[in-house]
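Participant: Using the sequences and the hints, build the whole thing.
Line by line, the protein sequences are chains A and B. Letter by letter, the first sequence follows residues 1 to 113 in my numbering. Letter by letter, the second sequence follows residues 114 to 225 in my numbering.
Keep in mind that the hints are not guaranteed to be accurate.
Said to hold, decoys possible - Straight line, CA to CA, 25 Å or less: simulated SDA-like cross-link-like pairs of lysine to any residue:
hint, chain 1, residue 1, chain 2, residue 2
1, B, K169, A, T2
2, B, K181, B, K155
3, B, K184, A, Q41
4, B, K155, A, T2
Please keep in mind that the hints were generated in silico from the structure rather than gathered at the bench.
Residue-level listing of the chains:
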Amino acid sequence: DTGVSQNPRHKITKRGQNVTFRCDPISEHNRLYWYRQTLGQGPEFLTYFQNEAQLEKSRLLSDRFSAERPKGSFSTLEIQRTEQGDSAMYLCASTRGLDTEAFFGQGTRLTVV
Amino acid sequence: GESVGLHLPTLSVQEGDNSIINCAYSNSASDYFIWYKQESGKGPQFIIDIRSNMDKRQGQRVTVLLNKTVKHLSLQIAATQPGDSAVYFCAEKDTGRRALTFGSGTRLQVQP
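Facilitator: What follows is the structure, given as structure tokens:
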């Protein structure tokens with residue numbers, strides 16, 4: 001499978017715990033995006049990497065959220081001290097260029113109980 | 114703020130009919146538009162895109178129309194099939210942004 005891969009697919013955690021998600025983009029894509037999607041809504045942009053550089057962060061990305069892409073390949077998104085409002089689908093997408101189609105992974109569904 | 118929205122939250126069609134899903138956008142600087150299909154529990158799947166220098170683009174069974182004058186985008190699906198049942202999102206981007214802005218989606222239900 002040469003698409004965008006995300007792990008885990010599902011995560012249930014207790015409020016206050018930390019969680020980390022992983023995204024493996026399409027190998028030749030140097031641009032990587034994280035989005036969050038709640039039920040019935042379109043994905044909302046969280047952050048963007050070009051190679052290993054995090055070039056943009058949405059105001060949705062609170063201090064409890066941190067993302068990395070250390071070698072310009074896979075990326076991780078960590079949420080510290082999770083809250084029930086963090087429950088959502090976290091989607092990763094990658095693109096080859098700035099104005100080319102973004103390919104999405106299957107997402108990680110987070111449930112905070 | 115700038116936003117992308119959809120006129121109809123749910124569209125129900127008969128199998129074999131043509132479907133038209135509409136989208137309005139407000140950002141006059143938007144220059145790139147994409148339609149995505151999302152099935153339950155899955156990530157958005159790219160369908161077709163169009164740039165602002167075009168007003169029509171065709172793919173396999175799908176056509177996207179762009180009317181920049183009224184800031185309107187539509188997705189036409191020919192001979193709709195049960196497998197087309199999903200939520201459809203339009204998304205837009207302008208040259209000043211790196212990320213896509215999505216609308217809230219339209220659910221397409223195909224009746225056999």
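Participant: Against this structure, judge whether each hint is valid.
Facilitator: A quick look at each hint next to the structure:
Between the alpha carbons of K169 (chain B) and T2 (chain A) the distance comes to roughly 30 Å, so the proposed pair goes past 25 Å and is violated. With a C-alpha separation of about 31 Å, the suggested pairing of K181 (chain B) with K155 (chain B) is violated against the 25 Å cut-off. About 21 Å separates the Cα atoms of K184 (chain B) and Q41 (chain A), which keeps this hinted pair within 25 Å; it holds. Restraint check for K155 (chain B) and T2 (chain A): the C-alpha separation of about 16 Å stays at or below 25 Å, so the hint holds.
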